[in-house]
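As numbered in my numbering, residues 82 to 393 make up the sequence shown, in order.
In case anyone wonders, no lab produced these hints; they're calculated from the structure.
All clues given are correct.
Here are the simulated lysine-lysine pairs, DSS-like style, with alpha carbons at most 30 angstroms apart:
{"#": "1", "residue 1": "K246", "residue 2": "K350"}
{"#": "2", "residue 1": "K161", "residue 2": "K171"}
{"#": "3", "residue 1": "K171", "residue 2": "K246"}
{"#": "4", "residue 1": "K376", "residue 2": "K209"}
{"#": "5", "residue 1": "K373", "residue 2": "K209"}
{"#": "6", "residue 1": "K350", "residue 2": "K161"}
{"#": "7", "residue 1": "K373", "residue 2": "K220"}
{"#": "8", "residue 1": "K169", "residue 2": "K350"}
{"#": "9", "residue 1": "K220", "residue 2": "K376"}
{"#": "10", "residue 1": "K308", "residue 2": "K373"}
{"#": "11", "residue 1": "K209", "residue 2": "K220"}
{"#": "12", "residue 1": "K308", "residue 2": "K209"}
{"#": "13", "residue 1": "K161", "residue 2": "K246"}
Computed spacing ranges between beta-carbons, pair by pair:
{"#": "14", "residue 1": "L386", "residue 2": "V231", "range": "33 to 41 angstroms"}
{"#": "15", "residue 1": "T275", "residue 2": "F355", "range": "24 to 32 angstroms"}
{"#": "16", "residue 1": "D256", "residue 2": "A282", "range": "18 to 26 angstroms"}
{"#": "17", "residue 1": "M121", "residue 2": "E374", "range": "14 to 22 angstroms"}
{"#": "18", "residue 1": "T340", "residue 2": "S174", "range": "24 to 32 angstroms"}
{"#": "19", "residue 1": "K209", "residue 2": "T275", "range": "44 to 52 angstroms"}
Everything numeric in this text was worked out from a predicted model, so none of it was measured.
The C-beta atom is built at its ideal place from N, Cα and C for all residues, glycine as well.
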Amino acid sequence: MDGTNHSVASEFVFLGLSDSEEIQLVLFVFFSLFYVASIMGNSLIVLTVTSDPHLRSPMYFLLANLSFIDLGVSSVTSPKMIYDLVRKHKVISFEGCITQIFFIHVIGGTEMVLLIVMAFDRYVAICKPLHYLTIMSQKMCTLLLVASWVIGLIHSVVQLVFVIKLPFCGSNVLDSFYCDLPRLIRLACVDTYTLEFMVTANSGFISVGSFFILIISYIFILITVRKHSSSGLSKALSTLSSHVMVVVLFFGPCIFDYTWPHPTSHLDKFLAIFDAVLTPLLNPVIYTFRNKEMKLAMRRVCSQLIVYRRFS
Numbered sequence: 082m083d084g085t086n087h088s089v090a091s092e093f094v095f096l097g098l099s100d101s102e103e104i105q106l107v108l109f110v111f112f113s114l115f116y117v118a119s120i121m122g123n124s125l126i127v128l129t130v131t132s133d134p135h136l137r138s139p140m141y142f143l144l145a146n147l148s149f150i151d152l153g154v155s156s157v158t159s160p161k162m163i164y165d166l167v168r169k170h171k172v173i174s175f176e177g178c179i180t181q182i183f184f185i186h187v188i189g190g191t192e193m194v195l196l197i198v199m200a201f202d203r204y205v206a207i208c209k210p211l212h213y214l215t216i217m218s219q220k221m222c223t224l225l226l227v228a229s230w231v232i233g234l235i236h237s238v239v240q241l242v243f244v245i246k247l248p249f250c251g252s253n254v255l256d257s258f259y260c261d262l263p264r265l266i267r268l269a270c271v272d273t274y275t276l277e278f279m280v281t282a283n284s285g286f287i288s289v290g291s292f293f294i295l296i297i298s299y300i301f302i303l304i305t306v307r308k309h310s311s312s313g314l315s316k317a318l319s320t321l322s323s324h325v326m327v328v329v330l331f332f333g334p335c336i337f338d339y340t341w342p343h344p345t346s347h348l349d350k351f352l353a354i355f356d357a358v359l360t361p362l363l364n365p366v367i368y369t370f371r372n373k374e375m376k377l378a379m380r381r382v383c384s385q386l387i388v389y390r391r392f393s
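Generate coordinates for the entire structure from the input sequences, incorporating the hints supplied.
Structure follows, in structure tokens:
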């Protein structure tokens, strides 16, 4: 070592989204509305699936868990980002930064695996309808859900084990509005090439790998349906289109963040906002927009809530 006092930084400073107070005020209102809408939309889906006896199929069970995860996606970074928009000094403690990274990767990794599970569910439902309830039993769904969380946890811990030991003795400024691994690693005052490669390989591989697994599975489903029934192709396309939209919206920013060799600050921030604020709101809209059964169930739940409030 060179004798420099290598120590762990006590806090990190965010540069945020803009220096203009007027723009920050507009963003505060805009993101607050989107965050509240996201929380309400995903909470309504979870409440609807858990309370409506007509929605007991594995598809709705997985959809409710996706909405639950999206509640976490929007809540890990959005509240801090919204709060910082009305603050001049935007800081986060080292422990808070590590905690944020931990939950971002746990929830992100879990959602990636869950989307693959949902694709498998659609494959069984479309290609093996007579065996659907046997294959996608409650026990199987629970095991797949637990496996998703375990993989997400391992994915997050493997990276953080090395990051928490890094010395930070120079700048503590992050040109972002939340803590992310690539930018944090670059602040370390040691050579981090190997660690950066490991993070890219870990997060990049799981993102790209999961994306291609999903796209290939959707293509395989469509080919299988076309062989058996050309009339069922349009129905399969309608069912899978919502899944494909969610996959593209979710994986696009993730793949760019962890595989693009020359990231740009403005584009990084835009994609991060899209992933943290907009995607959790779009997911419930996309999955319920074409689902008549889900829309009817949500209306029943809303009607019951209104009646309950009137007589309570």
